[in-house]
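In case you want the letters, here they are:
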Amino acid sequence: MEKHWWKIVGVLLLVYIHIGGMFIEVPRLNILNETARALYFHVPMWFTMILLYGYSVYYSIQYLRNPISDYDLKSMQFAHVGTAFGILGILTGMLWANYTWGTPWHGDPKQNGAAIALLVYLAYFVLRGSLDNEEQRGRLSAVYNIFAFAAMIPLIFIIPRMTDSMHPGNGGNPGFNAYDLDSRMRMIFYPAVIGWFLIGLWIVSLRVRSKKIQERLFDLEDGKI
Amino acid sequence: MGKFRKILFTLIAFLIANIGFAQDAEMADAMRSNGKIYVVVGIILIILLGLILYLFSMDRKLSKLEKELDKLG
Numbered sequence: 026m027e028k029h030w031w032k033i034v035g036v037l038l039l040v041y042i043h044i045g046g047m048f049i050e051v052p053r054l055n056i057l058n059e060t061a062r063a064l065y066f067h068v069p070m071w072f073t074m075i076l077l078y079g080y081s082v083y084y085s086i087q088y089l090r091n092p093i094s095d096y097d098l099k100s101m102q103f104a105h106v107g108t109a110f111g112i113l114g115i116l117t118g119m120l121w122a123n124y125t126w127g128t129p130w131h132g133d134p135k136q137n138g139a140a141i142a143l144l145v146y147l148a149y150f151v152l153r154g155s156l157d158n159e160e161q162r163g164r165l166s167a168v169y170n171i172f173a174f175a176a177m178i179p180l181i182f183i184i185p186r187m188t189d190s191m192h193p194g195n196g197g198n199p200g201f202n203a204y205d206l207d208s209r210m211r212m213i214f215y216p217a218v219i220g221w222f223l224i225g226l227w228i229v230s231l232r233v234r235s236k237k238i239q240e241r242l243f244d245l246e247d248g249k250i
Numbered sequence: 760m761g762k763f764r765k766i767l768f769t770l771i772a773f774l775i776a777n778i779g780f781a782q783d784a785e786m787a788d789a790m791r792s793n794g795k796i797y798v799v800v801g802i803i804l805i806i807l808l809g810l811i812l813y814l815f816s817m818d819r820k821l822s823k824l825e826k827e828l829d830k831l832g
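Protein chains in written order, with this note's numbering: chain A, 26 to 250; chain B, 760 to 832.
Rather than coming from a laboratory, the hints here were simulated on the basis of the structure.
There could be a bad hint or two in this list.
As the list claims (entries may be wrong) - Covered stretches of chain B, going by a simulated chain A footprint (3 or more residues, C-beta under 8 Å):
id, region
1, 800 to 813
2, 816 to 829
Unchecked claim - Pair by pair, the computed Cβ-Cβ distance ranges are:
id, chain 1, residue 1, chain 2, residue 2, range
3, A, F150, B, L831, 28 to 34 Å
4, B, Y797, A, P179, 39 to 45 Å
5, B, L831, A, I171, 36 to 42 Å
6, A, W130, B, E785, 24 to 30 Å
7, B, A784, A, H29, 20 to 26 Å
8, A, G132, B, D829, 50 to 56 Å
9, B, I803, A, R90, 31 to 37 Å
10, A, D157, B, M786, 55 to 61 Å
11, A, Y83, B, A784, 30 to 36 Å
12, A, D157, B, Y797, 28 to 34 Å
Computed from a predicted model, the values in this text were never measured in an experiment.
By construction, the Cβ of each residue, glycine as well, lies at the ideal position given by its N, Cα and C atoms.
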């Protein structure tokens, strides 16, 4: 039980934000109306994705410094779960955009940038899948992973701010500043980020453990032959 | 008296809310007063907790496998 406490913290935070996110008052704004609540669920997907990608890059750098297969495995799993959160972010964003921007794919720089960033990460998995040699795969994918992270930051955070964007918090659009100052929304939003991040870490740990079990099974089989 | 005070308080609260935001946007007030928002909260909580239980069961299964592997050496 002792080593599970952080999972329980994550679950409790999510239960709190799912109840609080639906009940606590949100600013009254036309067009957005009650969909302002989507902020509690849509944005934490992206924050979690970036945090998980950050861990992924950390393990890639660790691998390049010291090529232990454990680092490569962790880097891969963090990127995998991060991409899953990114896809959820895109889908929730499309649903939200449909009712506030009028169309699911607006061609907004933020949307396009996020989609390109996800494609860059999908190429990471293609690269991994196409290499058989373990050391070569580890080294090349670690280098590519660092590139992918470096490409994602401008695609999601810089380019949309340099041009016009409908997305709140970007080019020429003060957007969520009204909410950002709203301490009631912060009380749900930040716990949501922490809660989803902990759940993301949990999923990563499950994936890492299952891969390690697989590796041990392979080792056992090799030993018998 | 209690009821009257409640109504008065609600009216004042509404007034303040309207002055504060100066926008009369359509919100799901009726849905909440009818109590139906609780249904939605219930539904999302069932999904959330269902998925969490799923994660816990996977966690347990992996622990079991790890223990069995440890026995094998």
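Pairwise beta carbon distance, B:Y797 to A:P179, judged against the given window 39 to 45 Å: Hint holds: Cβ distance 44 Å, inside 39 to 45 Å.
A:Y83 paired with B:A784, Cβ distance criterion 30 to 36 Å: Since A:Y83 and B:A784 have Cβ atoms about 44 Å apart, the given range 30 to 36 Å is violated.
C-beta pair B:A784, A:H29: status relative to the range 20 to 26 Å that was hinted: Since the Cβ atoms of B:A784 and A:H29 sit about 43 Å apart, the hinted range of 20 to 26 Å is violated.
C-beta pair A:F150, B:L831: status relative to the range 28 to 34 Å that was hinted: With a Cβ separation near 31 Å, A:F150 and B:L831 satisfy 28 to 34 Å, so the hint holds.
Range hint compliance [Cβ, A:D157 to B:Y797, 28 to 34 Å]: violated, 55 Å
Outcome of range test on Cβ distance (A:G132, B:D829; 50 to 56 Å): holds, 54 Å
Outcome of range test on Cβ distance (B:L831, A:I171; 36 to 42 Å): holds, 38 Å
Coverage criterion applied to the region 800 to 813 of chain B (partner chain A; beta-carbon cut 8 Å; 3 residues): Our answer is that it holds, as 6 residues pass the Cβ test (under 8 Å) against chain A, meeting three.
Status of the given 31 to 37 Å range, CB of A:R90 versus CB of B:I803: About 43 Å separates the Cβ atoms of B:I803 and A:R90, which means 31 to 37 Å is violated.
Verdict for A:D157, B:M786 (Cβ pair) under range 55 to 61 Å: Holds - the Cβ-Cβ distance for A:D157 and B:M786, about 58 Å, lies within 55 to 61 Å.
Distance restraint hint 24 to 30 Å, applied to the beta-carbon atoms of A:W130 and B:E785: 26 Å Cβ-Cβ, so the 24 to 30 Å window holds.
Within 8 Å of chain A (C-beta), three or more residues of the region 816 to 829 of chain B: It holds, with 6 qualifying residues against the three required.
Of the numbered hints listed earlier, those contradicted by the structure are 7, 9, 11, 12.
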